[in-house]
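Based on the hints, put chain B in the right spot on chain A.
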Amino acid sequence: MTDPLTPVLTKHWLGPESWTLRNYTELGGYEALRTALATPPDDLVALVKDSGLRGRGGAGFPTGMKWSFIPQAKPGETPTGPAAKPKYLVINADEGEPGTCKDVPLMMADPHSLIEGCIITSWAIRAHFCAIYVRGEVVHVLRRLHAAVREAYDAGHLGKDIHGSGFDLDIVVHAGAGAYICGEETALLDSLEGRRGQPRLKPPFPATAGLYAAPTVVNNVETIATVPSIVNGGKDWFRTMGRERSPGPKIYSLSGHVERPGQYEAPLGTTLRELLDLAGGMKDGIPLKFWTPGGSSTPLLTDEHLDVPLDFEGATEAGSMLGTTALMIFNETVSVPWAVMKWTEFYEHESCGKCTPCREGCYWLAGILRRMVDGEGTEADIDTLLDVCDNILGRSFCALGDGAVSPITSGIKYFRQEFVDLCALNAGQQRHPEVDRIVELSGASA
Amino acid sequence: MTAASEKAPEKPSEREDLPPVPHGHVRLTIDDRVVDAPQGELLIRTCERLGIVVPRFCDHPLLDPAGACRQCLVEVEMGGRKMPKPQASCTMTVAQDMVVNTQMTSAVADKAQQGVMELLLINHPLDCPICDKGGECPLQNQAMSSGRADSRFVEEKRTFAKPLPISDEVLLDRERCVLCQRCTRFSRQIAGDQFIELLERGAHQQIGTEETAFGEGEDFQSYFSGNTIQICPVGALTSASYRFRSRPFDLVSTPGVSEHDSSGAAVRRDWRRGAVTRVLAGEDPDVNEEWIDDKTRFAFRYAQSATRITRPLVRGDDGELHETSWTDALERAAAALLAARDGTGPAPLDADGEPGEPKRGVGVLPGGRLTIEDAYAYAKFARAALQTNDIDARARAHSGEELDFLAAHVAGTGLGVTYADLESAPAVLTVALEVEEEAPVVFLRLRKAARTGTAVHHLGQWSSPAVVKTGGRLVRTAPGREPEALATLPDDVAAALATPGAVVLVGERAAEVPGLYAAVSDLVGRTGARVAWVPRRAGERGAVDAGALPTLLPGGRPVDDVARAQLASSWGLADENALPATPGRDGGAILRAAAAGELAGLVVGGVELTDLPDPVLARAALREADVVVSLEQVASEVTRYADVVLPVAPVVNKSGTFRNWEGRDRRFATTIDPSGGSSGRVGGTAAITLPDCRVLDTLAVEMDVDLFTQTPEVAAAELGHLGAARPTEIGPVRGPDGSGDVDGTDGSLRLASWRQLLDGGALLIDEPELAGTARPPKIRISTVTARRLGLVEDAVAGLEGPRGSLHLPVELADLPDDVVWAPARVPQAGGGVITLAGLGLTHGGPARLTGGTTDGSAA
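Line by line, the protein sequences are chains A and B. Note that the numbering used here numbers the first sequence so that position 398 is 398, with each residue one more than the last. Position in the second sequence counted from 1, then plus 1000, gives you the numbering used here.
Think of the hints as simulated: they come from the structure by calculation, not from any bench. Built from N, CA and C at the ideal position, the CB exists for glycine as well. Don't take each hint at face value.
Incomplete in silico selection of chain A near chain B, CB under 8 Å [unchecked claim]:
(1) L201
(2) T240
(3) D277
(4) G353
(5) K354
(6) G394
(7) F397
Okay, chain A solo, but in the shape it has when bound (with noise of 0.2 Å):
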């Protein structure tokens, strides 16, 4: 690999104006929209599948794959069941786990490639209305979407007819009220359908009745806005890029104790090495201690594993996972369980509440790493910490319970004796204040 970056989403980020239609088209925009509404749907949905494409929201699920998963009518045949639903594509763009920050980017700088994206999605799953769910704290983001919305309905991207092909599609940009758990795709869906965001029970899953009980295609807004370039660039350009399993570009955020934070979109399977040479190392010199690859709810790595390839293998491979790709990265000066404490009490204050380990666990996980940061702790409290975190993975209703987790087991793992040393602090408050006054009374301590 010689240059290790592959400006595809990114590529005009740095441009003038990037977000304007007018410059999006300058430079190619909504070329791949034309391309696609001359090719049959089905078309579309196995280039995509044949492309590699996985979904760039954490779990890497096979984007062409998902779409076919949506029931359609059969050619001649009036359809019944879900097919004879209407279709709906709703875009996850709920960016909230710690340390993520490629979406909001993405639609800040170039909000007419998922537009793009999602008027071709929704082509091939004959989807005619599509939601944009934003997290509501983004308000630039929102604001910045409908006006890029508004701008492709004055361009006959959107509405009635889109360029004669008698395809119709209405998008509706959403805000959320900012839960985490809304990015669940279940939860999110709940949230907007206006009910509270909480995961649904699956199946069915959101392919046979999502939306109103419709088949819905969720998926992250780098997976929508990486698919134009797909469409122009076709199947085998994508697989230049990456690894056999997880071909394609992906946007790295790194934040952090590193020279320069920022997104970083490199082929996947690409380095912590190698991005912290894009990065320019880490900051100030001070040496790495423990990264995540991929937000918080991946479990934390250390200095050991610098040349694991980021992708959605090579993560796993390395005990973690790849998830967001948001690299968070520590150097010496942070204690481990303190960082561990921060992350937990974000999930506390996220869990959604609808599942018995998750909405206590975080609680009492919380409580523990809280009283160890203050010196109170004891060795017993690590294994209590280990125990229930065993209790919550795996267990809970949907994967935020096991998020929650990652940082402690992960960071009891590789880094046990910090957690030990913060126990040796409350050596002397390990006996009873009881036993230490009759000690008193007695002289003994004289």
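Here is chain B on its own, set in the frame of chain A:
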């Protein structure tokens, strides 16, 4: 077979030593036991059938699965591979050759369950010793069966202010709540009342209402709220009426039947020291499933009311009632009734002060709350002892047309349309039946039916909550015009009713509209729909079959010579003409005759005068009658006029049968036997009173007639022996001759009305919290009418009748124009009630509204 396949464990579905898997079933292995289960069954249910108890909180067989509490985790293997995570057995369905290991055989499942239990308890107050649920608490029990012996939790527990009143009756302790969502799911799925919801998130998630969330808003308003208390698996929801009253293990639980409506709902009465402490829903999948309404649940204190009558009373020369012995009371009553029957009493003085025509005969008003045994005793007492057919159990608006209808479609027909039939019906039409107010358990089944595809149509005036919650199909008509509406139903409704299995439910209020029963009869004849009569009171259907009506003898027999001879013979009367030959007077005619000085006596059961269509006439009748014998549980308005009051037993102190609206016999044994009985656990203050049938039997003996109704069992046996004997030719249901139409030219409004469930009825005494959950009474009119009258929402309007007015706030609803709706009975703050009948107003009749800025009513 190859060597490899020999080694592989054989799939149970392919094992040759087992019978083939039945159609529609799958074969799986649970804890090493092979079991066949119907496709789609939840694992937790299959485990139950095997006797394997998987602990659970959120799971409830009548609610949609939630998978929220995670207590029921088990290990599952599919296709020879273990699923990576333990699975919630309350959400996972069975599959062919699935292998399931519960906590009995899987260490992983056991640890998962113990882990969840420990987590459930970390924020729980562990206040079992002071908790109502202690001793019958799934959390307590499962903490013992599936929990750790001690907790490792040393942090601070989350606390909430408590208790939080969800309504006057339901209190919430959020600290005890395990957030299983049974209550919210019940409210949403079963009752359709969405006032209770989850609020906040994470460890701060809590159950609440609009009011608890925002500081203002509507209370949890539901007729079914008590069910949430019963299905709460912890002590988070408690009732004001039972809170801190007793421990479950100090109570005796006796199965019973609801006495509050015609549903026949199974209940469980928990009692001690001679008094019921609480009523719970019993389980009967054919009838009420596991649900009852709040009136059935909470209105039981009347039996311990200070106004209970426990000793016979006779009116002395001083004009006051005095306690006396049974012997004395019965002798006095018998002598007076004999004199009244035979017309040997003092003749009334005519206008000139001369003795006139002597009064003769006794009318019987048993009331609508009797068991079928008691109703039969009244029916027999009237015929055999009083030699009259002047008996009518209908203490409400009634008509001769209704008698025709009952004879044609109800009396002696046995089990007809059932709850299950409602659930599977393609379409249901309710006529003169506000089902949530008048038959709440039927409402729940209709709502369930509506959720699974039944089209529920309502003939009514506005989109009441019952209409909305059963799918919102209203056939709107002006009050009084229901017969025309039935004759000209929209095509789709008529077509739906012609579908096999369609049902028409008609309420007792059909008697208020001349021609309506005839129109219903015509409709079912035309469409082929099945018809069921759903009266309000528990005893109405039984009274019809027992012959407590002027035109019907026991078993649906008409008053004809054949039936009279048959009954005389069965009753052991020597003269086959011993029984009266002519149909009797109905309730209204009895009262008119008594008021006019024609009838000499009245025997009155549990009748509230304010329930009658003309309370003024009733008072006059009771005043004029020479002798009034009252059989009552609690002092009532009738007591004021009674010459002899004979106490009778409330439902908890007797056995009997309520024949519900379906025609299903709902037998119940004595809950509390104050005379000792077999339980031997008597104490406290329960008074010994006797069922009506026993009192009437003894009274008849004093009159030299044997009823042979000493016990409910004997009475039931005799009635059963008589059987039904419907005439071969069923007469037509005769509507009114002329048009009963109201002249609308005077600018008045037409009144529509029905009773609300909680409206100060006689059985609601001593239940202030229950009364607090009543729907606020309101006057409803359309927007157009309001504008015409210059009324606005929430303004107080006066509903004017010939005998007074009723002032209530106005609510706008989708009524036809120039129609006003008001509840038929409105309890007053200072006690007492105002009834529309008391004001001289009737459903379908004229009424005037005042209070508007323009007096449009007189325009």
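These are the hints, each one checked on the structure:
no., hint, result
1, L201, "holds, 5 Å"
2, T240, "violated, 34 Å"
3, D277, "violated, 37 Å"
4, G353, "holds, 3 Å"
5, K354, "holds, 5 Å"
6, G394, "holds, 4 Å"
7, F397, "holds, 6 Å"
Hint violations for this structure: numbers 2, 3, all remaining hints satisfied.
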